[in-house]
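Novice: Put chain B on the given structure of chain A with help from the hints.
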Amino acid sequence: MSRGAPRAALLLALVLGLAAGVASGVDANGQLENPALQARFEDITKQLRCLVCQNESVADSNASLADDLRRQVREMLVAGKTDSEIFDFMTARYGEFVRYNPPLEAKTYLIWGAPFLLLIGGGFAVWRIVRARARLPLDLDDGSPSNEG
Amino acid sequence: MWKFLLPAAAFAALVALFVVGLNPARDIHALPSPLIGKAAPQFTLSDVLDANHPVGNASLQGQVYVFNVWATWCAGCRQEHEALLEIAQQKVVPIIGLDWNDDRAKATQWLTQLGNPYNEVGFDNEGRVAIDWGVYGAPETFLVDGQGRVLFKHIAPLTMDVWQQEFLPRIAAAKRGGA
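Protein chains in written order, with our numbering: chain A, 0 to 148; chain B, 25 to 203.
I should point out that these hints are in silico values taken from the structure, not numbers from a laboratory. Even for Gly, the Cβ is constructed at its ideal location relative to N, Cα and C. Any given hint could be a false lead.
20 Å max Cα-Cα, derived EDC-like pairs, lysine to aspartate or glutamate [as the list claims (entries may be wrong)]:
| hint | chain 1 | residue 1 | chain 2 | residue 2 |
| --- | --- | --- | --- | --- |
| 1 | B | 130 | B | 74 |
| 2 | B | 62 | A | 84 |
| 3 | A | 80 | B | 156 |
Counterexamples of contact, computed for chain A against chain B with all Cβ distances above 12 Å [unchecked claim]:
| hint | residue |
| --- | --- |
| 4 | 31 |
| 5 | 46 |
| 6 | 84 |
| 7 | 104 |
| 8 | 105 |
| 9 | 118 |
Looking at chain A on its own, in the form it has when it is part of the complex (with noise of 0.2 Å):
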């Protein structure tokens, strides 16, 4: 007991430096009070999924995890944080499935790639069966009314 005493008063003493340094920075609804860091608060938790229900972010989820790391986010931008520190916190703990938006480096390449691959196989595809139907002789009307307009 004697020596759990300073520990214990050491904890309540960092709870309440904590508390006050979020208070100084959120109004009672929960909202920051500098309006420039209220809205980078909203951007950011629309980028960032919540993980307990995948298909919500963390700016609309109820879960508690949501609530906790929208703390997390305020806490962070109270203290000066820049957005890419605030998605590195969250990427280094939570992988990069946290966020909705990934960044463009060597290995989501093939995600942001895909659409355009895609997009050049079609093209390569249909630019193949035009060509194929422009080299077929004109003459191939049979008569038969359902080739006319």
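Specialist: Leaving out everything else, chain B in the frame of chain A:
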């Protein structure tokens, strides 16, 4: 040649995609932890059973241990509790608990009524330590080696099968490597 090879290759790729993607054994909600192979996050919390007693993992450096995240509101945690008790009886490694976003009185009741498999349980009622460990759904169980690195993470209720197949071999290897 291409007329045959290209569709065949596309078909094979599609089959491979479906075999992996539609495998019923695959848990689509389980996410790989980016912590594997990295240093386990340090924490100091109060003991769920004694608010004046600190619980942390700094003193566990050099030891292989299991870190189990649970809560009284978590049905899967109730489900794995018998397995945890049995694992604790084996006394292979210390089991450190993290009581996540919970109520101290309910957690105390849980441990006294159902039995306490943990060496110590940290009380994380703000979920801060859980965020550091990338916890998104209890129960989650981590294995940490003697160098303080996360070796493995199991996201689902623990069973004796999982313990024997996934944990014990890794613990044996970690103890050999760390000795």
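Novice: Now tell me if each hint is right for this structure.
Specialist: Taking the hints in turn, this is what the structure says about them:
1. 130/B to 74/B: 14 Å, holds
2. 62/B to 84/A: Distance of about 19 Å is within 20 Å: holds.
3. 80/A to 156/B: Cα-Cα ~17 Å, so holds.
4. 31: 19 Å, holds
5. 46: The claim stands: residue 46/A keeps its Cβ more than 12 Å from every Cβ of chain B (closest is about 17 Å).
6. 84: 15 Å, holds
7. 104: Since the minimum Cβ distance to chain B is about 14 Å, residue 104/A lies beyond 12 Å and the statement holds.
8. 105: 16 Å, holds
9. 118: 16 Å, holds
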